[in-house]
Amino acid sequence: MSISQFPPPASPSPASSSRSLASSSPASLSSSSMRLWKPAAQRNLRNQWSKLSTCRQQWIATSSAGRSHATSLVNSYLSQKYMPMMELGVLSDMFDIKKKALNKLFKQQSSYRINLLSSYKELVAVVVEMVNASRSLRCYTKPSSGSLIQFSASKEDSNDAGDCGGIAVFSFWNVSAFEKMAEELVEMFKREVMLKRLLVMELVSLSSEVPQPVNISWSVELYQGEFDDLTKCSLYSVEVSEPILPQVKEDDLGVSISHSNQPTAEILQIYLTTWIAGVNIHNHRVDEILALVGEEIRVTF
Amino acid sequence: MEAVIRKWQQKFRKGKEEMEKWESLQVRWVSLFRNASSIIQRLQEMQNHGSYGALRCLKGIEDAVVQQQMDQLEIILRSMKSVLDEFRGCVLTLERQHRDGLQLLKMEPSKRRVERIGVKPCLTDCLEGLSILYNMHQAEYHLKSSILSALSCLILKPSPGDLNALQYLVVDQPNIPKDEVQHIFDIIFAEDVN
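The listed protein sequences correspond, in order, to chains A and B.
My numbering puts the first sequence at residues 1 to 301.
My numbering puts the second sequence at residues 1 to 194.
Simulated from the structure, these hints should not be mistaken for lab results.
Keep in mind that a hint or two might mislead.
[Stated by the list, open to error] From chain A, some residues computed to sit far from chain B (all C-beta separations above 10 Å): (1) S50; (2) R67; (3) K81; (4) N103; (5) Q108; (6) V128; (7) T274; (8) E295.
[What the hints assert, rightly or not] Stretch by stretch, here's where chain A covers chain B in the computed footprint (C-beta under 8 Å, at least three residues): (9) 38 to 46; (10) 64 to 78.
Heads up, the beta-carbon is just placed ideally off N, CA and C, and yes, glycines get one too.
Whenever a hint applies, use it, and build me the whole structure from the sequences.
See below:
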């Protein structure tokens, strides 16, 4: 579970290499700076992990809103599809009743589509925030002219690994231990958001018109700026100019995505089930990680 | 005599509280059942690779979805079990009211057991009411318990017809006819009616 399935993040995070750098830096080992570093690092870790925990809650809420938009979209699409075959009984005498109903359903779908896309956009935003938080767990010394030592989240001295030579920040864990936990957590959400992307792509391109009016493919942005967001999460591959392919298992290399034309009601049912299932997010493990971290930093999430 | 009747009415008030608790459990029970039933109905489709459309390109998707849904189902069934235990708690309380009533009645001379003052119920009415309420809820508890085992069996062999029939029983609570319950309370609290 802890092995990265995506290219390593752009920011410097591999702990092992920077650790040796840090121990060679005398500044980060002096006891007075260590004394000052600890509270700053503790504060930072508490803040970032609270953010991660909040993001998880937001994910749950947004994913559930997305599910209900997706369900409405599917239901409306199916009604539209079956409308021509429907027996309307006494209503069939009404002028243009089917045409009017179809029109209404058509309009409905376009608003559900917009809602679903905006839920997806929110999900991506949540993952971006998680990735940012998980990459901001280090605490760097800020060079200052005065005698006061200050700390910052950005690296300003190439010798400073931001982990104070790998010392324990609270009781037992050093910064890289926190990073490992954060990475494991964020990785699940990164993978799930790509699976959701595939589902959104399939659902928003539902149309009973033949040929299909909009041709959405994996390499097309679902909303403006999507690829910038995905790049921030290392979910966009520059080499092939499209997002990383979704995967469920770690050893899956990902075959190309083929868009299914006019999926059946059964397939749509499975799409919705897959949305609900959230197979990449192992909730008990997420709870466990948050509980372990919470215990270490003495915060209840 | 008035004081004795009041004591009995108190038992019915306690019974009423218990039945309100039952009602709120019933709401949870119905929703748990619906969730479990919809997962069971989807299970077969979930195991059919052909139903995955564009998701087919993801290796292991079926197993992952089925596994997750089975885990979810297990959680739901466990919650149903604990709601069932709470139902049992209600039945036990109703049983205690009835048993206490039985003891109470034994202490009264037989003449007073059927004595009636105005619209007030006689003591035999009271005992009979408590007995009916207890029996209804006990029978319904047994039904719910069988429904839960039937549901667990359907996981292996899903049948939409059976699930629908069970759902009907779950929602309907056939052992607790509402009008009959109301009739009992109308007799016991006759003076409060209107």
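Say whether it holds or is violated: Q108 of chain A keeps its Cβ farther than 10 Å from all Cβ of chain B. The assertion about Q108 of chain A holds, with a minimum of 22 Å to chain B.
Minimum Cβ-Cβ distance from S50 of chain A to chain B exceeds 10 Å: S50 of chain A clear of chain B: closest Cβ-Cβ about 27 Å, beyond 10 Å.
Is the listed coverage of the segment 38 to 46 of chain B by chain A valid when you require three or more residues with a beta carbon under 8 Å from a beta carbon of that chain? holds (count 3)
Check the non-interface label on T274 of chain A: least C-beta distance to chain B beyond 10 Å or not. Violated, since 6 Å does not exceed 10 Å.
Interface exclusion of N103 of chain A relative to chain B, criterion Cβ beyond 10 Å: Holds, because the least Cβ-Cβ distance between N103 of chain A and chain B comes to about 27 Å, which exceeds 10 Å.
Evaluate the condition: distance from the CB of R67 of chain A to the nearest CB of chain B exceeds 10 Å. 13 Å, holds
Just checking, K81 of chain A versus chain B, shortest CB gap more than 10 Å? Given that every Cβ of chain B is farther than 10 Å from that of K81 of chain A, nearest at about 15 Å, it holds.
When you look at the beta carbon of V128 of chain A, is every beta carbon of chain B farther off than 10 Å? 23 Å, holds
Far enough from chain B: is every CB of that chain over 10 Å from the CB of E295 of chain A? 24 Å, holds
For the segment 64 to 78 of chain B, does the count of residues with a C-beta closer than 8 Å to a C-beta of chain A reach 3? It holds: at least three residues are needed, and the segment 64 to 78 of chain B offers 6 whose Cβ sits within less than 8 Å of chain A.
Figure legend: structure checked against the earlier numbered hints; the only hint not met is number 7.
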